[in-house]
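> Here is how the chains run, residue by residue.
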Amino acid sequence: LSGADGTLLSRRRYWLIFTALCLAGVVLLVAGGGALFWWKYLKQGGQTFADDRERFTYGSLGGELVAGLPYPIFMILPRVFPDLVAQYATAGYGPAKAAYGGYGAFGLAWEEGQRLPAGLSIKRLGYERVSLNCAICHTASYRLSADGPPNFAVGGPAHTLNLQGLLRFLFAASHDRRFTSARLMPEIALHFPLDSLDWANYSFVLIPKTRAALHLAEHELGWMDKKPAWGPGRDDAFNLPKFILTQTPWDDTVGNTDFPAIWRLGNRSGGLLHSAGEAKSLYAVVATSAVGIGSLPLNGFQARNEWIESFIGKLEPPPFPRPADPTTSERGKAVYAQRCASCHAEGGARTGTAIPLAEIGTDPEHVLAWQRRDAERMNLVTGALGARRAEVEGAQGGYVARPLVGTWLLGAYLHNGSVPTLWDLLSAPDKRPAVFYRGYDVVDLERIGFVSTGPAAEANGFRFDTAQRGNANSGHTYGTDLGDADKRALIEYLKTL
Amino acid sequence: MFRRIRGSVRYCWRGRWRAALLVFLLLLFVGAVLYADYSRDSAEAFFDDPVKQFKYGSTGGDRLAGIPEGIFRALPQLCREYLPGDGWQSLGFIFEEGMDRPIGTSRRYSLGFERIALNCAACHVGTYRATPESKPIAVPGMPAHRLDLGRFTQFLTQCALDERFNPWQVIQAAEHAGAHYSLRQRLLLEYVAVPAMKEALILARYRFRFLDHEVTPGPGRFDTFGPEKALLNWPLEKVPPEQSVGIVDFPSLWLQGPRAKSDMHLHWDGNNTDVEERNRSAAFGTGAVPSLLDRKSLSFIAGWLRSDANQPPKYPFTTDAAAAERGKPLYAKYCAECHGASGRDFSGARVGQIEPISKIRTDPCRLDNYTHDLTAEQGNLYAAFPAERFSHFRKTDGYANLPLDGIWLRAPYLHNGSVPTVRDLLEPADNRAKVFYRGNDLVDRLRLGFVTSASEAGGAKLFRYETQCTDDPAVCAREQNPENRHDANVCAPGKWAGNSNRGHDGPAYGTDLPAEDKDAIVEFLKTF
Chain W
2 LSGADGTLLS RRRYWLIFTA LCLAGVVLLV AGGGALFWWK YLKQGGQTFA
52 DDRERFTYGS LGGELVAGLP YPIFMILPRV FPDLVAQYAT AGYGPAKAAY
102 GGYGAFGLAW EEGQRLPAGL SIKRLGYERV SLNCAICHTA SYRLSADGPP
152 NFAVGGPAHT LNLQGLLRFL FAASHDRRFT SARLMPEIAL HFPLDSLDWA
202 NYSFVLIPKT RAALHLAEHE LGWMDKKPAW GPGRDDAFNL PKFILTQTPW
252 DDTVGNTDFP AIWRLGNRSG GLLHSAGEAK SLYAVVATSA VGIGSLPLNG
302 FQARNEWIES FIGKLEPPPF PRPADPTTSE RGKAVYAQRC ASCHAEGGAR
352 TGTAIPLAEI GTDPEHVLAW QRRDAERMNL VTGALGARRA EVEGAQGGYV
402 ARPLVGTWLL GAYLHNGSVP TLWDLLSAPD KRPAVFYRGY DVVDLERIGF
452 VSTGPAAEAN GFRFDTAQRG NANSGHTYGT DLGDADKRAL IEYLKTL
Chain V
44 MFRRIRGSVR YCWRGRWRAA LLVFLLLLFV GAVLYADYSR DSAEAFFDDP
94 VKQFKYGSTG GDRLAGIPEG IFRALPQLCR EYLPGDGWQS LGFIFEEGMD
144 RPIGTSRRYS LGFERIALNC AACHVGTYRA TPESKPIAVP GMPAHRLDLG
194 RFTQFLTQCA LDERFNPWQV IQAAEHAGAH YSLRQRLLLE YVAVPAMKEA
244 LILARYRFRF LDHEVTPGPG RFDTFGPEKA LLNWPLEKVP PEQSVGIVDF
294 PSLWLQGPRA KSDMHLHWDG NNTDVEERNR SAAFGTGAVP SLLDRKSLSF
344 IAGWLRSDAN QPPKYPFTTD AAAAERGKPL YAKYCAECHG ASGRDFSGAR
394 VGQIEPISKI RTDPCRLDNY THDLTAEQGN LYAAFPAERF SHFRKTDGYA
444 NLPLDGIWLR APYLHNGSVP TVRDLLEPAD NRAKVFYRGN DLVDRLRLGF
494 VTSASEAGGA KLFRYETQCT DDPAVCAREQ NPENRHDANV CAPGKWAGNS
544 NRGHDGPAYG TDLPAEDKDA IVEFLKTF
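In order, the protein sequence lines correspond to chains W and V.
If you want my numbering, it's the position in the first sequence, counting the first as 1, plus 1.
If you want my numbering, it's the position in the second sequence, counting the first as 1, plus 43.
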């Protein structure tokens, strides 16, 4: 190198220029790498929906950053592991439980013409990621006859969803020798055009990452195996945040709880929410649920939750599909007013309050699983993450008396789904079935609930044993002393609610 | 001499970097040439001749399912005892003069070889003959009622599992059949292509095991949604038995334009109203998965299918004009509402609509075979191509009413091809032939359809189609559902499930008309 005057540069200046060049190179490399990283792993894509219903069902709740699985990998897993689908989708079910290749086998509500079942959002964050939203547990799939088509009720309890089976399937797949790039890539390539950069990205980053993430999730959910099975339509609602989000040491509580309906929640302000009054505001329910599926309180968190709060605030159930008999219903209305309304009518004296365990007498396990200290710990964590107005409470010593909305789609009944039909709920606890079959999606139009006995239910349903911990069908003896005619009239009226 | 060697060694030593560089460049060059050849991809195309492109153009499936051309030619000879006769034509493939491969095959250079694979025309070009002596005439868009696709699948997998299917014998047979391979190609065949083909066929044998769960399709029929289930790799053993039979006749492909224009329900059960989606779905059967689809060729073919040029040929024989004239009002009264005013005018209140199974009461197996779960999963197949993604598939509760254009070439009738002629279809179900022979292309001018009474044609045995158990009553009594009844309109499992010739029966369907009225309707239908 020589200066303008033709003399050699001094040693010092030479090194200076050399260092500057090196630095520039490093900066360029880092910037380029960063840009590539942003492009392949973080660049956000949009989602568009025809209407609010679709947005609720398929829209992102913000979980894809932490808990998103690459869509191309997620999509092809069932066809690489059909044996595992068959195994985990049918474990605990009757012999005729069908298992097709895809995620439908796990009882997800899958509308025709959609990419994935209700409750699964696909959003691009570098690559398309699948994450859960509210609709996964809150879309009811039902049929009115055994050979009828499936119907889907947004906001209804996903009583067919075998969430535990789905998780176990994913975990088992991640441990399987076939979960390698060499096996998955050709399958992905049939459907997704991949350039060499994508090919490398999937082979060496995303597939190993997904496998590791599933291992981690399995580790975090290890306590599931020590407790009674959830079965379809249920999860261990508060042990999930307790053991995972707040990292509380595993204990031996059982909090298995039915997925609730989320219809007309706007009318519940001031009352207690969740099964045992674990929250006092709808926003807190939405925000903590969002955190629960992996959504971090970042940009848009609050606005998104507020939108959901307003959407489910006025969400309505589908009406009972058959005309109710007006005279019987009228008679039932009187029974209802006398025996049920104080706890279950909107504005009833005790509606929205927790009925103490000693009085209600239903299975206590759920209440025992979530203490005040657990709530405080969770508030600490969500607060530290930056979620506002997301405070939860400890269980209130009993179960919340809910206003009855869309009652005909809420089977099985009680917070733990231990009583298959309204008729059984109006029978004395020792008359209620000790064993029945859940997750069969045909509505029992007479007794109200889902068909839970008989060959079809036994062949297709999950065997629910009320003797297991958390599954007791005791308590809530209200109305069990009524005459059959009154009970029938009451059920007739409840169809209209 | 010695010095010279020493000198060159010294030279190399001095120029070792240069030598290394030269070697590296040489390797790079060889690698680039091999890569360029291996990644070369070009299909034989006939964009000046739509019919030829339909018959011989590519769907893109040849990229996945293409068999190296030499091997394709060699297979019928290599594994001849697994074929019913000589060559591919013994399975019903049609050879035209001037073409070196059957109708319904495409040729593409892909992964280092010229490869042959099936395309749309394999199942949708058929032949007919006027007399036993006349030459068969190939008609594009006509159901390939002589092609035994099940037997073709079976043949390939049987051959792949045969001892003879080893690289050396396969290469030898291909060279006997006229192939010339370079050293590179021979090495590729020996170490990659033939073992890979064997492995792929063994996998296909397993994935296509749905064929083991149902009646033998025979010529002109196949389980058409089976390949999609195979692609999705469903655990078929966990699928309810009443859903495991999906065999249907190949349909005709004429006049897709008018069908698309009035949003008719397509497929036998009317599960889709979008012609393009239907085409892409059907292309799966040829191996054309989304990433490999030849969009240019397929949209060219689809364009022709929708054009006015795509029409069935006129009935070439004499008709009784007076009888046809008499049949016209009868047709209008009994058939037109569901099947259209004529062979070209598809107007009619229920044309292209779905007739509930409780009303039509034809064999329900195909209907039950296509399920809500498959419908839902189909939404996934084209996930990476939003504009092409399937969003029109729906589970239905019956079979679609089809227009009857070119009906004289669409025998046997009903979705499962269970009724040999139009005249039989006008008989009450109990009077229809319980057994007949499929695969003859000789036109039955009297009853309208193909001749189905002969068990042989041109020296080749024909396929015996049984609609129910026809054995001794004592033998039948031991079978499950020997009469092949599906009275609850749900597919009842049994050996003949899917083959029932019931339904489309009763006063509303004209089956109780006097014989001369039925003959008149048949005569009128010849004009379609």
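For the record, the hints were derived by calculation from the structure and aren't laboratory data.
Every value quoted in this text rests on a predicted model; they were computed, and no experiment measured them.
We put the beta carbon where it would ideally sit given N, CA and C, even for glycine.
Accuracy of the hints is not assured; some may be wrong.
Said to hold, decoys possible - Here are some, though not all, of the chain V residues that point toward chain W, as calculated from beta-carbon distances under 8 Å: (1) Y234; (2) E242; (3) L275; (4) P333; (5) S334; (6) S342; (7) A345; (8) G346; (9) W347; (10) R349; (11) S350; (12) L424; (13) A430.
Said to hold, decoys possible - Pulled from the structure, derived: some chain V residues nowhere near chain W, Cβ distances all over 12 Å: (14) I245; (15) W277; (16) P278; (17) R432.
> Which of the numbered hints are not met once you compare them with the structure shown?
1, 2, 6, 7, 8, 9, 10, 11, 13, 15, 16, 17
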